[in-house]
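S.K.: For the record, the sequence lines run as chains A and B.
Just so we're aligned: 22 in our numbering is position 19 of the first sequence, and the numbers increase by one with no gaps anywhere.
Just so we're aligned: 91 in our numbering is position 88 of the second sequence, and the numbers increase by one with no gaps anywhere.
Worth flagging that the hints you see were computed from the coordinates, not collected in a lab.
Quantities reported herein were computed from a predicted structural model and do not represent experimental measurements.
Check the hints yourself; a few may be wrong.
In this list, chains with the same sequence are indistinguishable; a pair is considered to hold if it fits within one copy or across any two.
[Stated by the list, open to error] The calculated lysine-lysine pairs, modelled on DSSO-like cross-linking and capped at a C-alpha distance of 30 Å, are:
(1) Lys38 with Lys55
(2) Lys191 with Lys38
(3) Lys55 with Lys191
(4) Lys27 with Lys191
There are 2 protein chains.
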Amino acid sequence: MAGYSTAVDTLIAALGRLPGIGAKSAERLAHHLLKCPPEEALALAEAIREVKERIRHCQTCFHLTEAEEPLCAVCRDPRRDPTVVCVVEQPRDLMALERAATYQGVYHVLLGRLAPLQGVGPEQLTVDALEARVRAGQVRELIMATNPNLEGDGTALLVANRLADTGVPVTRLARGLASGSVLEFANKEMLADALSGRQRF
Amino acid sequence: MAGYSTAVDTLIAALGRLPGIGAKSAERLAHHLLKCPPEEALALAEAIREVKERIRHCQTCFHLTEAEEPLCAVCRDPRRDPTVVCVVEQPRDLMALERAATYQGVYHVLLGRLAPLQGVGPEQLTVDALEARVRAGQVRELIMATNPNLEGDGTALLVANRLADTGVPVTRLARGLASGSVLEFANKEMLADALSGRQRF
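Bound conformation, chain A alone:
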């Protein structure tokens, strides 16, 4: 069997290493890049290069920021309340909360969640930096917004335990039925959360 040329094979292999892109998708994407105008393909190549060269983590909260800014857009914003800190696993969780546009405090990005089986312990996360931030004294409340699953909950518990002696209240996001969903299809855990967290009208 004759293969593609080396350059095409290399591109297919590189695309296939992206998460959720299988062999077939990688081939399809490669063909798109071969056919599309050079500007479009080179813009993508350039954008990849740019983020690897310019994007750093915020020195305070570990969200993404451009290299020349030591603090991210949220931490720099004087309208945000720096005494309320919402703890998320990843920058994309932060962005999801920002899109909801109801939160006025700042963040702390852990850059992962505890996953002992994959060798991710507290030292792989930014827990130490969070602890230092809280112990420095400025924080009034810590809102745990890790994912509502086993690993997210474990991570939240670790953080809460570490900071128990500081006296800073640690809360977590409410759980229950998803707005817009139907009760009939809610699973056991959702219903249990919804019952135990029930609130007065």
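Since the structure of chain A is already known, use the hints to place chain B on it.
M.R.: Here is chain B on its own, set in the frame of chain A:
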């Protein structure tokens, strides 16, 4: 709402222009590229640049080939029979046939299919080059391997009509039941093809 930095937004936008990659996927891919080792991300950027710089179409069959080779790997291969030409729509169709590893002839890639509604007529395809190739006299048989759908069939018909006066036999790939499938789930067209194309044991 605070956005990502410009570099990240640019990358997400560039990824979102790829076919089959929606806004959510683009964000997920961007985060992967931000987190992965620089070598991996830059290898992808470089691979994109490489194909845009180095990949050209074969002068004979319009398959993909590296810039320094005027002919593709199939056309260069002395073991292939240059008198039998299989006509496909895209390089990826050629690759699918090559993976089956049963075809010993050469190819002609049309680089598309007739789609009048999208403004793709014969002049957007490599039909003229195919005609010239056949009229040059070396071709014994033309096998139409365009996609078995309305547009593919229309394209095959156009080519067959154009070359009717040359006397070169034009065949098309057999149609019928997909090997490994079950009759119960075959659709009307497949069953009609299977019946009309039935063969003796």
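S.K.: Work down the list of hints and note, for each, if the structure agrees.
M.R.: Consistency of the hints with the structure:
Taking the shortest alpha-carbon separations for lysine 38 and lysine 55, both the intra-copy value of 26 Å and the inter-copy value of 9 Å come in at or below 30 Å. In this homomeric assembly, lysine 191 and lysine 38 never come within 30 Å of each other (Cα to Cα): the closest approach is 49 Å inside a single copy and 35 Å across copies. For the homomeric pair lysine 55 and lysine 191, neither the shortest alpha-carbon distance inside one copy (43 Å) nor that between copies (52 Å) is at most 30 Å. In the homo-oligomer, the alpha carbons of lysine 27 and lysine 191 lie at most 30 Å apart only across protomers (28 Å), although the nearest pairing inside one protomer, at 37 Å, exceeds that limit.
In the structure shown, a violation is registered for the earlier hints numbered 2 and 3, in ascending order.
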